[in-house]
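Asker: Sequence:
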Amino acid sequence: MDIINMTVKGILGKVILEEERPYILSDFKDHLIHSRNVLKELQYDTTIDLSNHLVLSDIICLCAENLNPTDPWVTEEHVRHSLYLLEQITSGESIQAFFMMNEDTILKRSIKILQTLLLEDWKLYPGACSAFQWIFSHIRFPHMGQYIKEFLPFILRFTDDWQSSNKVRGVEMIQHLVEECAWNTELNLAIGEELIPKTLFHLLHSREVDVIDASLTTLILFYQKSRKINLIGQELLPELLNSIAITSDIYLRRVYSNYLSKVIYNSGVHVTPWLSKIVQVFQHCSTFPDPFNEKIRINIQDGLAKLLNIVEKNEMTLLFGKYVHNVLEFLIRIIYELSKKDMNEDELFISTRDNLSMISRLYKEETSILCHGMDKL
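The end of the sequence shown is residue 590 by my numbering, with every number in the run present.
Derived from the structure by calculation, the hints contain no laboratory data.
Take these hints with a grain of salt, some might be off.
Said to hold, decoys possible - Straight-line distance between alpha carbons at most 25 Å, and here's what the computed PhoX-like set of lysine-lysine pairs gives:
hint, residue 1, residue 2
1, 441, 475
2, 362, 411
3, 362, 242
4, 222, 321
5, 336, 222
6, 325, 336
7, 242, 227
8, 362, 438
9, 321, 362
Only a predicted model underlies this, so the values are computations on that prediction, with no experimental measurement involved.
Generate the whole structure from the sequences, applying the supplied hints.
Answerer: Right under this line is the structure:
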């Protein structure tokens, strides 16, 4: 059997299930052994012509689908053989450099192979999906710009899927796209300003923690890369506050609150229209302990610290003054609660104490009045 035929037979083909569900190991029992043997045989084949771009494109597609050990058709042995093969093919060059040196031949042919498989029944080709993401992740600036329109329709198929793993895969590719494109000259001109944030905001309404986590990370990066930091306060902050306020799921609230301090910090003075909502969210989330190391209430204290820094830096003490009484109340309540439990060295206690100290410095009179008669604060 010639090398091309052997390689193609080792590539994972169409996988049809009786019902739509995530793939599991038993779906690939026969293929797993066969693909491993093909990779192993190719690894020791001394007849591979490194100047034959057709052969190399097929081998790269085979290797690319066998590099993620979390995929059920991939074992550590697959990964090891694939990495060794890639090192042979690239003669020790990085994958990025190799692709750019062979952009018009190997890279474009590899992309074309995968696009053909993914054009319609993309979910029936899980190997091609993994290979597609791997190849995409190795295209860097300044070469990414020319591939935006080729890749984006396929990326959006992942984000629109019902499986959280595919949504995350799509968001990760959007993040890579944002990182590796020159915003004004490439990404913005190719797809406009609205498509990426609209896609990511839609995913914030997901019920999957990993999808929300990836989407928030990418949204913040998008605003930073597009030099529209002010829109974090105008668009992302109110969305995040509403999401925290309406969810009763502690896992979702935890992931939302993980980003609160970063979003508040990047919002700067643009927090002003949302001060009332911010304090309401702070109060509500500070009422209930989080069994996972008090992560939510610690996140709230981190967010409050960022907010107080903005208030002081931008001379907003008068504006924020109307909310100080409510803030002091929940800070004192937490201090009292933790002191009774002898948790004075706890991270939540320390961050709450520090915020109370800063409030006391900025609002001496209000603090004195509220704390009057207390033996110890």
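Asker: Which earlier hints turn out false for this structure, listed by number in ascending order?
Answerer: 3
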